[in-house]
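Top to bottom, those sequences are chains A and B.
Under the UniProt record's numbering, read the first sequence as residues 1 to 554, first letter to last.
Under the UniProt record's numbering, read the second sequence as residues 1 to 554, first letter to last.
Hint data in this document are derived by calculation from the structure and do not stem from the laboratory.
A couple of the hints might just be wrong.
Once the Cα atoms are required to be at most 20 Å apart in a straight line, the calculated EDC-like pairs of lysine to aspartate or glutamate come out as [claimed, not checked]:
1) A:542 - A:519
2) B:513 - B:472
3) B:402 - A:524
4) A:542 - B:52
5) B:402 - A:351
Number of protein chains: 2
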Amino acid sequence: MSDRLLYLPLGGAGEIGMNCYVYGYGPAGSERYIVVDLGVTFPSMDGTPGVDLIFADIAWLVERKDRIDAIFITHAHEDHVGAVGHLWPRLGAPIYARAFTAHLARLKFEEHGHDELQIKTVSKWPDTTTVGAFTVGFLPISHSIPESSALVIDTPAGRVIHTGDFKLDETPVVGEAFDRALWEEVSKDGVKAMVCDSTNVFSPNPGRSESEVIGPLTELIAGLDGMVAATTFASNIARVKTLAVAGAQAGRSVVLLGRAMRRMITAAIETGIISDFPATVSPENATDIPRENLMLLTTGSQGEHRAATAQLSRGKYLGLKFAAGDTMIFSSKTIPGNEVSVGRIVNAFSEMDVNVISDQDGLFHVSGHANRPDLATLHEVVKPQVVIPMHGEHRHLREHAKLAESNGFQAVVAPNGVCLDLAGNAPRVVEYVETGRTYLDGSIQIGAMDGIVRDRIRMAMNGLIVATVIIEDNEPLGDCWCEVRGLPEVGLSRAPLVDVLEEDVNQFLMRAKPKTLSDDGKLEEEMRRIIRKSTHEETGKKPEVQIVISRLSN
Amino acid sequence: MSDRLLYLPLGGAGEIGMNCYVYGYGPAGSERYIVVDLGVTFPSMDGTPGVDLIFADIAWLVERKDRIDAIFITHAHEDHVGAVGHLWPRLGAPIYARAFTAHLARLKFEEHGHDELQIKTVSKWPDTTTVGAFTVGFLPISHSIPESSALVIDTPAGRVIHTGDFKLDETPVVGEAFDRALWEEVSKDGVKAMVCDSTNVFSPNPGRSESEVIGPLTELIAGLDGMVAATTFASNIARVKTLAVAGAQAGRSVVLLGRAMRRMITAAIETGIISDFPATVSPENATDIPRENLMLLTTGSQGEHRAATAQLSRGKYLGLKFAAGDTMIFSSKTIPGNEVSVGRIVNAFSEMDVNVISDQDGLFHVSGHANRPDLATLHEVVKPQVVIPMHGEHRHLREHAKLAESNGFQAVVAPNGVCLDLAGNAPRVVEYVETGRTYLDGSIQIGAMDGIVRDRIRMAMNGLIVATVIIEDNEPLGDCWCEVRGLPEVGLSRAPLVDVLEEDVNQFLMRAKPKTLSDDGKLEEEMRRIIRKSTHEETGKKPEVQIVISRLSN
Numbered sequence: 001m002s003d004r005l006l007y008l009p010l011g012g013a014g015e016i017g018m019n020c021y022v023y024g025y026g027p028a029g030s031e032r033y034i035v036v037d038l039g040v041t042f043p044s045m046d047g048t049p050g051v052d053l054i055f056a057d058i059a060w061l062v063e064r065k066d067r068i069d070a071i072f073i074t075h076a077h078e079d080h081v082g083a084v085g086h087l088w089p090r091l092g093a094p095i096y097a098r099a100f101t102a103h104l105a106r107l108k109f110e111e112h113g114h115d116e117l118q119i120k121t122v123s124k125w126p127d128t129t130t131v132g133a134f135t136v137g138f139l140p141i142s143h144s145i146p147e148s149s150a151l152v153i154d155t156p157a158g159r160v161i162h163t164g165d166f167k168l169d170e171t172p173v174v175g176e177a178f179d180r181a182l183w184e185e186v187s188k189d190g191v192k193a194m195v196c197d198s199t200n201v202f203s204p205n206p207g208r209s210e211s212e213v214i215g216p217l218t219e220l221i222a223g224l225d226g227m228v229a230a231t232t233f234a235s236n237i238a239r240v241k242t243l244a245v246a247g248a249q250a251g252r253s254v255v256l257l258g259r260a261m262r263r264m265i266t267a268a269i270e271t272g273i274i275s276d277f278p279a280t281v282s283p284e285n286a287t288d289i290p291r292e293n294l295m296l297l298t299t300g301s302q303g304e305h306r307a308a309t310a311q312l313s314r315g316k317y318l319g320l321k322f323a324a325g326d327t328m329i330f331s332s333k334t335i336p337g338n339e340v341s342v343g344r345i346v347n348a349f350s351e352m353d354v355n356v357i358s359d360q361d362g363l364f365h366v367s368g369h370a371n372r373p374d375l376a377t378l379h380e381v382v383k384p385q386v387v388i389p390m391h392g393e394h395r396h397l398r399e400h401a402k403l404a405e406s407n408g409f410q411a412v413v414a415p416n417g418v419c420l421d422l423a424g425n426a427p428r429v430v431e432y433v434e435t436g437r438t439y440l441d442g443s444i445q446i447g448a449m450d451g452i453v454r455d456r457i458r459m460a461m462n463g464l465i466v467a468t469v470i471i472e473d474n475e476p477l478g479d480c481w482c483e484v485r486g487l488p489e490v491g492l493s494r495a496p497l498v499d500v501l502e503e504d505v506n507q508f509l510m511r512a513k514p515k516t517l518s519d520d521g522k523l524e525e526e527m528r529r530i531i532r533k534s535t536h537e538e539t540g541k542k543p544e545v546q547i548v549i550s551r552l553s554n
Numbered sequence: 001m002s003d004r005l006l007y008l009p010l011g012g013a014g015e016i017g018m019n020c021y022v023y024g025y026g027p028a029g030s031e032r033y034i035v036v037d038l039g040v041t042f043p044s045m046d047g048t049p050g051v052d053l054i055f056a057d058i059a060w061l062v063e064r065k066d067r068i069d070a071i072f073i074t075h076a077h078e079d080h081v082g083a084v085g086h087l088w089p090r091l092g093a094p095i096y097a098r099a100f101t102a103h104l105a106r107l108k109f110e111e112h113g114h115d116e117l118q119i120k121t122v123s124k125w126p127d128t129t130t131v132g133a134f135t136v137g138f139l140p141i142s143h144s145i146p147e148s149s150a151l152v153i154d155t156p157a158g159r160v161i162h163t164g165d166f167k168l169d170e171t172p173v174v175g176e177a178f179d180r181a182l183w184e185e186v187s188k189d190g191v192k193a194m195v196c197d198s199t200n201v202f203s204p205n206p207g208r209s210e211s212e213v214i215g216p217l218t219e220l221i222a223g224l225d226g227m228v229a230a231t232t233f234a235s236n237i238a239r240v241k242t243l244a245v246a247g248a249q250a251g252r253s254v255v256l257l258g259r260a261m262r263r264m265i266t267a268a269i270e271t272g273i274i275s276d277f278p279a280t281v282s283p284e285n286a287t288d289i290p291r292e293n294l295m296l297l298t299t300g301s302q303g304e305h306r307a308a309t310a311q312l313s314r315g316k317y318l319g320l321k322f323a324a325g326d327t328m329i330f331s332s333k334t335i336p337g338n339e340v341s342v343g344r345i346v347n348a349f350s351e352m353d354v355n356v357i358s359d360q361d362g363l364f365h366v367s368g369h370a371n372r373p374d375l376a377t378l379h380e381v382v383k384p385q386v387v388i389p390m391h392g393e394h395r396h397l398r399e400h401a402k403l404a405e406s407n408g409f410q411a412v413v414a415p416n417g418v419c420l421d422l423a424g425n426a427p428r429v430v431e432y433v434e435t436g437r438t439y440l441d442g443s444i445q446i447g448a449m450d451g452i453v454r455d456r457i458r459m460a461m462n463g464l465i466v467a468t469v470i471i472e473d474n475e476p477l478g479d480c481w482c483e484v485r486g487l488p489e490v491g492l493s494r495a496p497l498v499d500v501l502e503e504d505v506n507q508f509l510m511r512a513k514p515k516t517l518s519d520d521g522k523l524e525e526e527m528r529r530i531i532r533k534s535t536h537e538e539t540g541k542k543p544e545v546q547i548v549i550s551r552l553s554n
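Turn these sequences into a full structure, and let the hints steer you where they fit.
Written out as structure tokens, the structure is:
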């Protein structure tokens, strides 16, 4: 029996974010594995209230922990590296990444108290790392963060290219340009499969270079009065640099606001990514500088409630405060789902008479991902035997596969959990693996299907009633006691809701037979039914009910 | 002292939706009022979990109920008419509307058991209705629902035009075109103030006519195989008709799916708005028709979970079911905040291999609101002494005022609660009225600031712990009992969380002094503190805590 070359997405092929892919090689059932990326996705009140972070469920990997030889991280965005601190102890394999990515991963390990020596810094292609049957090289590609790389994964069954996130930018301002000749060289002897970023497949026009926003942003900032602030993803070092340089050129002192902003710029300087970042002043010193000479670079372009931008929209932040006539620049795209939070901030600025410049007409922002024509270009450059779309919702994967097929390539849609064997001439589904999500809830990892978050959502939708009763020798001792949370205090009868409920339950308890009163399950079921029914009559809502029965015995 | 002409927005000038405006005329403190629109806005899990509908808080009006002479409704969109059934009993004044709007308002009155005679059908301008000092005419204007009207409000202090929602469409497919000459005629003797729709002020290009989507939609539908469905707002009668006609022309039988779709088309036919709508077949009969001959028109273009489109994305709906190769058309714009729900549906269709056509490039949808250049056009047509932007978030109102000012008009931003006197030469702020929101929660109206929804959100974010203890003669009788909802069952110590909490509380109870045990407040406070602290140590979360103390006495 021949060896298999497996591809299995556990996260990222069914959503934008939470990237986690597995490759395996060896005889069926005893393959050895490498993991590509361990990312997070972010919770929302709608669906995951109270949750702190979301990871791919890695139970399948944990069961095969002794067969995992390495973890490779393509780049330092949170949706690719964000879970390393949380999930690494359950996997235990060494992590390989380029310097900038490794630097940020080590900060996460430090926070978690893991052994930082487990993170190995590697050089870019043509250097490679061999683990088991896999030889893996980091092939530079442009993206909105430094040192993004595709992985060139060589196996006895052939070469696979895993693109990671990318765009085709030949003038990326910071970091490595897309090097078409190098990619052609790497691909010339045949690529078995290209596993390829799909996020922007619905964007019809060719992507634009990061360098195209320098002019408009510089011109914009040069013409502004008052204090100026700009927000973008802190990890977009090129953009942050462009904004900082434009501010400095306009005679402004640059202030970095927000932890991520300071951490990212520090990381970029320490790893040699940038050496010519304008001098910055601390927020404390900034308060002594005339406001028309200030350029703030702030975190929170997606409307995050606790980030610097949102705090400034609510008032003072580290002594700095907007005034009428100041300007806030959003050099960013609002990710779907964040429109309401971003809108809230823009309205708050509007109330202060602060001018908000957003990305109208794409003047002040370009995407970090390959658009539809760029994807087609990379297919042509690499000419893989098969295109496997990854990183996208189902609609993106499907559209990307259709695009590849329309240009004569073989393509296969493999959402999370679909395990493909790539060893033969055509990919073959060999298994459907159960996948899911793990929630970081406070300090505990819980399963998405554990029912914990479901219970929270139910309390939020329906309110809660707590009813306690004391039973002594199968007789109610005193009255039932009800407490109401998240429900109107007074219902349609205009009497307090708790009074109505207590009355109804007490009526029931007085008439209940010993057989009911002696049976906790039965008693609880009846009380719950009465409470739900009466609450529904009074308020139109069917609440969650928590019954507490205390039994005393002599 | 001279009479005042008051303008007071209670809703709609601070959000898109929930329109409710007040005009007053008379001596200060004894003005008589008319109300324009009583609309709703929609709740979300993020912010208003479990809430059914949101209205403007009308407490200010209710306090002056005896001075309200009439309620005028500009058009039948829910954000203008949706609250009439819920709020009318608290106001009691007669409602005036044109036939289509009145028809739909009466259906709401019928549901609520109110007196339908309180809804008066009025004819369009030049007919007018006089109530007190106000003479009000319904001036036709194009929008995405039939019989939309601006209000021409004549008072002894001059003429005010309240635009309602509008676009400048000279070929609106169904209903009345924008009649520039008529508007000029109405405005020629001077307009004191134009209170004007602001929703699309950030859309830079002139709006396009409803008639422009006929060609692309007809061509699209003619070329499709398999079953075809299309979704749009049911109230957009013109669009629904275009889709139905295109389907019929392509040899398809039209099926209306969803309550709103049937109700709106019925209302349009009954009120004479359309007379040539293609014949429809019922869902039951549709199952006998070959799928390639079906054209479904479905509710739920915004991803509403229970609407027809969402149900079809999850499987069968009234016996109809999508199959690979079928097509779903979104002839609509996704309202900000709904991207995630719409995306979920599109992905579900993608998994079924159903082709989704969305509004790429505006081919299959046009907006119902006036864009920036159209607003400037209407300012020029009406030439009011002052432009007062309404219907928009703060940023829209501010931008609209800046637009008017840049063209030489006086403008004033008056968000919800700002009461202007328009009687003089320039508007003057005479009062800041406290405004807010009322939530329909089940069958009860609650205040947004009542804390009820806040408590629900807290339970959703933090989980809940219920702890009960029985105290007899200032001694704990038995152990404390804890129940956990929406929290991990096991914390960092790997022991069940309830066991840890009960142990900690029992330790405390054993050592507590009679002074503490005899004082409910003190006991509760201490127990809550212990439970929050222990839960935080175990899980990193600080839960909501409900303490129930039962006291027995001999």
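Status of each hint after checking the structure:
1. For the hint pairing residue 542 (chain A) with residue 519 (chain A), the CA-to-CA distance comes to about 24 Å; that exceeds 20 Å, so the pair is violated.
2. Restraint check: the Cα-Cα separation between residue 513 (chain B) and residue 472 (chain B) comes to about 14 Å, which is no more than 20 Å; the hinted pair holds.
3. Our distance criterion of 20 Å between C-alpha atoms is broken by residue 402 (chain B) and residue 524 (chain A), whose separation comes to about 63 Å.
4. Pair hint residue 542 (chain A) plus residue 52 (chain B) holds up; C-alpha atoms about 13 Å apart against a cutoff of 20 Å.
5. About 14 Å separates the Cα atoms of residue 402 (chain B) and residue 351 (chain A), which keeps this hinted pair within 20 Å; it holds.
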